[in-house]
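Protein chains in written order, with my numbering: chain L, 1 to 330; chain A, 1 to 330; chain X, 1 to 330; chain V, 1 to 330.
Be aware that a few hints might be false.
Identical chains share a label here; the pair holds if one copy fits it or two copies do between them.
DSBU-like mimics (lysine-lysine), calculated; alpha carbons at most 30 Å apart, straight line [unchecked claim]:
#, residue 1, residue 2
1, Lys-162, Lys-22
2, Lys-61, Lys-132
3, Lys-204, Lys-219
4, Lys-162, Lys-61
5, Lys-62, Lys-139
6, Lys-132, Lys-34
7, Lys-43, Lys-218
8, Lys-104, Lys-41
9, Lys-270, Lys-325
10, Lys-52, Lys-200
11, Lys-61, Lys-218
12, Lys-325, Lys-185
13, Lys-313, Lys-326
14, Lys-22, Lys-298
15, Lys-254, Lys-206
16, Lys-77, Lys-200
17, Lys-55, Lys-107
Simulated from the structure, these hints should not be mistaken for laboratory data. Computed from a prediction, not measured in an experiment: that's the story for all the values here.
Residue-level listing of the chains:
Protein chains: 4
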Amino acid sequence: MINVALFGFGRIGQMHAENLNKHKEIKLLYVYEKSKQLSFKAKKLYNCKLEKNYKKVFRDKKVDIIFISSPTNTHIKFIEEGVKNKKTIFCEKPLDLNIKKIIKTFKKIKKIKTKIQIGFNRRYDPGHYNIKKDLERNKIGKLEKIIITSRDPAPPPASYLKSSGGILRDMMIHDFDLCRFYLGKDKITEIHAFTSSFEKLYAKIKDHELAVVTMKSKKGVICVITNARHCSFGYDQRIELFGKSGMLISGNKKVDSTELFNSKQSSTQKPFLNFFIDRYADAYNLQLKELISLYKNKTKPRSSFEDGYMALKLANAAYKSLRLKKTIKL
Amino acid sequence: MINVALFGFGRIGQMHAENLNKHKEIKLLYVYEKSKQLSFKAKKLYNCKLEKNYKKVFRDKKVDIIFISSPTNTHIKFIEEGVKNKKTIFCEKPLDLNIKKIIKTFKKIKKIKTKIQIGFNRRYDPGHYNIKKDLERNKIGKLEKIIITSRDPAPPPASYLKSSGGILRDMMIHDFDLCRFYLGKDKITEIHAFTSSFEKLYAKIKDHELAVVTMKSKKGVICVITNARHCSFGYDQRIELFGKSGMLISGNKKVDSTELFNSKQSSTQKPFLNFFIDRYADAYNLQLKELISLYKNKTKPRSSFEDGYMALKLANAAYKSLRLKKTIKL
Amino acid sequence: MINVALFGFGRIGQMHAENLNKHKEIKLLYVYEKSKQLSFKAKKLYNCKLEKNYKKVFRDKKVDIIFISSPTNTHIKFIEEGVKNKKTIFCEKPLDLNIKKIIKTFKKIKKIKTKIQIGFNRRYDPGHYNIKKDLERNKIGKLEKIIITSRDPAPPPASYLKSSGGILRDMMIHDFDLCRFYLGKDKITEIHAFTSSFEKLYAKIKDHELAVVTMKSKKGVICVITNARHCSFGYDQRIELFGKSGMLISGNKKVDSTELFNSKQSSTQKPFLNFFIDRYADAYNLQLKELISLYKNKTKPRSSFEDGYMALKLANAAYKSLRLKKTIKL
Amino acid sequence: MINVALFGFGRIGQMHAENLNKHKEIKLLYVYEKSKQLSFKAKKLYNCKLEKNYKKVFRDKKVDIIFISSPTNTHIKFIEEGVKNKKTIFCEKPLDLNIKKIIKTFKKIKKIKTKIQIGFNRRYDPGHYNIKKDLERNKIGKLEKIIITSRDPAPPPASYLKSSGGILRDMMIHDFDLCRFYLGKDKITEIHAFTSSFEKLYAKIKDHELAVVTMKSKKGVICVITNARHCSFGYDQRIELFGKSGMLISGNKKVDSTELFNSKQSSTQKPFLNFFIDRYADAYNLQLKELISLYKNKTKPRSSFEDGYMALKLANAAYKSLRLKKTIKL
């Protein structure tokens, strides 16, 4: 059995706990969570240890994997402990909102060759990944454009939004990462952002409801990312790769494959799978599978610490474009 | 200019008149129609001649093409006159409800090599025709099954239904013909029919609301035809060819290519093109184009007198199966 | 923990074992399998008991559920033992090829009110089930037609085919059952069958490669079932319900939701999920969930012994139609 | 009969001539074309008058409609003549590449209330127009985003490209106009552009192969336009309207509605209708219908001179953004 210590038992932490618990090779040994109520819930559900001194968890030699889904501002602290204690680490995105802290940690990670996987779950989605493979198999020739649509069905609570780092760091970070995923060795050199809000809440908490970012790579690939904090018709997740000789689309997944025809409409399909837990269920499983393989063997994770760092860099540049109303060079 | 004499100015005759009139090479010289009111309408719209003695129309040497869309029981009479006067002929389906009359006329037509095209418009539909070509190009290997769905949006008036010859002769005749079209040289050897009615009207007029016919060919191809006199969601027209190495579908055409997504449903498309005039507009034009080419050159029509005869033979066999509750051998 | 004794560890038995083993509430206590090799495989994989005398398994009071996926001709024997020992029972389809044996057992089951679920997995498929619910919600008005397409990607081994009972009892049994599922209280009264074979093997083993069965219900609903033992483009599973005011389709599931566009084609999708283990993975899980609930509570299974009996009756009638070349009354 | 004088008999002029000639109410009286060869072609095809002195054409009182599809730099000249002679005018896009000339002419047009329609054919496309109507019918709530994809199957000849005014004025002008069409009374206030080229030709002629423009309206609607001068999979024409309570898409039209399934792929559809003549055939007809109605009655054209002016203004602002690498305020 592989012993896992899970840090953070909030909304996403609970999802991870369930996935970890389902896996036959994994024992959820510790859950570290500040909220008493949530800690007890974890213990009740998974019969795991609760330890108040997090350093003890790291020092426990039985712990093989550190699984970090705690609040963003604690990520680096836990990663550093993990690095020190030579654990295999999983960390949710974003790594941190402070890029300097990230750079500092990055140096240590490179030096010690820490096994660390970042929570860019979309890289593991079979559809999103298959178009990457089809791109590499030259199905559409040279890549010329990447167009990503990502809309959440409904915004998270205002309390979360306030400390989220903003739509570009919290939500679009996935899409910045996906652009880098599809670009491979090519690099993003220019970026521009527009945002907009219709609900008044967003002005109050200095966030935005909608965001569109355009970018250009060194080789000339143009990227378009369009985000929304709400989407009446579900969790809209689409990627379009436009190439010299074709186009690949990774589209939405629906509740089932039924259709209704009546006098007013035809081919009506069921709504989209509503949110990330359902939509990316396969992705989370494949990500976990890779984490276990990362623990056991010398492999490179599909989603690395550097990816976490680079995505935040792009998010920051996008905010700079917003502020200066300029195309920003990277 | 090619001079056309149109026989019958009812619902379908009027559609043909409009198509004929639009065509630059064609002059609609005569319209022969029993109803005074409709005759005057034709004259007003197309400034054509009205002639009470139909034989005079046939004897007029200026007339190049005889276009027959009059009531079914007059078809053979007009065809015979056309044959006698060496005209190029178009005739709507079904040829007649009396197969003996058809056989008699067929002999003359073969002897004199009359240029005659039958109104199986679906053979000319680009989609339906393209899957025939794809079949011949071996895209799905050897043909094993033909499945045709054909449903009218709403039944014709009861008055028409009474003299229509019944759903199998009036409506399914198109689908019998399409099966023969896709089978090519292979022949249908066995047939079975089921019918059903939910509206009381059909029992009264001795017709049926729904019909399903299954057939088997000499080579073992199984055909399934499913018809309905009503279809709440429009004019449902689908063909499926199942082969050893693939499947071809010719599907429905919709009002436009827009889609609506909302909280209850996704990818909702517009209704089907509602009825034959819209759905088969392209087919009617291509059929007319072939008729002109048939007039000018020595070509074989895609839809021949023999096809009209054979389709009726299948319809009659289907009725026999209904009556005897048996698989009928042909 | 609920203790399960699994009978039969062949292809389908192994799939069930894996599903049973994944379930947290279930302990796979016994596997009963004639083949030594397979028995050892079962023991190795699941650390279950192997017992040569099957009666001992039934008498073991720790055993809660009898799970039967052994060869068809042993089903009734094991069911009878289960009934005697008051176990909750799951049994794969078909119940038996001898309808008299089934009727005899049926009487006992009704008398003792045995908890028994039959393996008509398709009733549990979310898509197939959702259209049933939509039908009941009156989304398409009164039901008028049921059209089922079911094609296996490739035939089972000839050895299996020989003792399978034939395409209508082995494969179409699922579709007979689904027709009954959608018809609800309405009953099938007439049936007709056509079969065909292109590969020579089928004539040798007295089976058929393709089959089309049409049926009519008391209320006038027409059912069309079309089966094939092979399908180059995967496991084709489609249901179409045609009603007075609309149509519902439960369609195929594909490998992922990506599309490719290039100069030769557009909107090309990935192949279908290849076979029942993948295509009906959700269905098997939901079926198992119901079985557990059946064990725990007084519930009615969605798929009952009577359903197993009635489906075989239809299959037998279809064979009679084939033999006599007649519409068979039920 | 309505007499039309057509100016310009190039690629697009020839298409218009054919459409004009097909229309029963229209007589193609004059074709004015500088190339002798093309002039003769026009005369041969349509038996129209050829007149070297264009002013004579305008003075001819029999001429009802001036139809301008000559080179862009002659548009304003011909419009001015039309205004002077009180003709009803159609003019292709773009109006001119010099915005000052346009403004000057605009004043005259407003003063004299000239009947003039601009060739933004996409406003007349049934799909594109139906989503506008559905938006107005509140099918998706308040509009929040407009996303337009427009890609030509292949670039025009280099000779044309050189004098086209560039991708943003020549090609994206349609999409600027469509954004304004859907925005209604709302106005675009900010704009940003990225362009890119992979083929060397574009650098030479100072044009671009790909362009992405983002814009923001006064009310906060974000617009994204993505263009390409080439598209291996045909003429890609898609519009997506994202609203508070839903999304509308006007999608591509395909050669036919057939699908191919085989062992490698499923649901493969035929390619897109290849180019504007086919894709927008309906739009051209509806536009012409409106022009005739504009001639006969006091109506407002769906596409006005002001629309032509405003679209160019946006194109110019986009070029400014490119040059200054800034978000441009309007």
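Here's how the hints hold up against the structure:
no.	hint	in the structure
1	Lys-162 x Lys-22	neither (33 Å within a copy, 41 Å between copies)
2	Lys-61 x Lys-132	neither (38 Å within a copy, 54 Å between copies)
3	Lys-204 x Lys-219	between (40 Å within a copy, 18 Å between copies)
4	Lys-162 x Lys-61	neither (37 Å within a copy, 59 Å between copies)
5	Lys-62 x Lys-139	neither (47 Å within a copy, 57 Å between copies)
6	Lys-132 x Lys-34	neither (39 Å within a copy, 47 Å between copies)
7	Lys-43 x Lys-218	neither (50 Å within a copy, 53 Å between copies)
8	Lys-104 x Lys-41	neither (35 Å within a copy, 52 Å between copies)
9	Lys-270 x Lys-325	neither (41 Å within a copy, 41 Å between copies)
10	Lys-52 x Lys-200	neither (40 Å within a copy, 64 Å between copies)
11	Lys-61 x Lys-218	neither (46 Å within a copy, 60 Å between copies)
12	Lys-325 x Lys-185	both (28 Å within a copy, 25 Å between copies)
13	Lys-313 x Lys-326	both (17 Å within a copy, 20 Å between copies)
14	Lys-22 x Lys-298	both (25 Å within a copy, 29 Å between copies)
15	Lys-254 x Lys-206	neither (33 Å within a copy, 42 Å between copies)
16	Lys-77 x Lys-200	neither (35 Å within a copy, 50 Å between copies)
17	Lys-55 x Lys-107	within (22 Å within a copy, 67 Å between copies)
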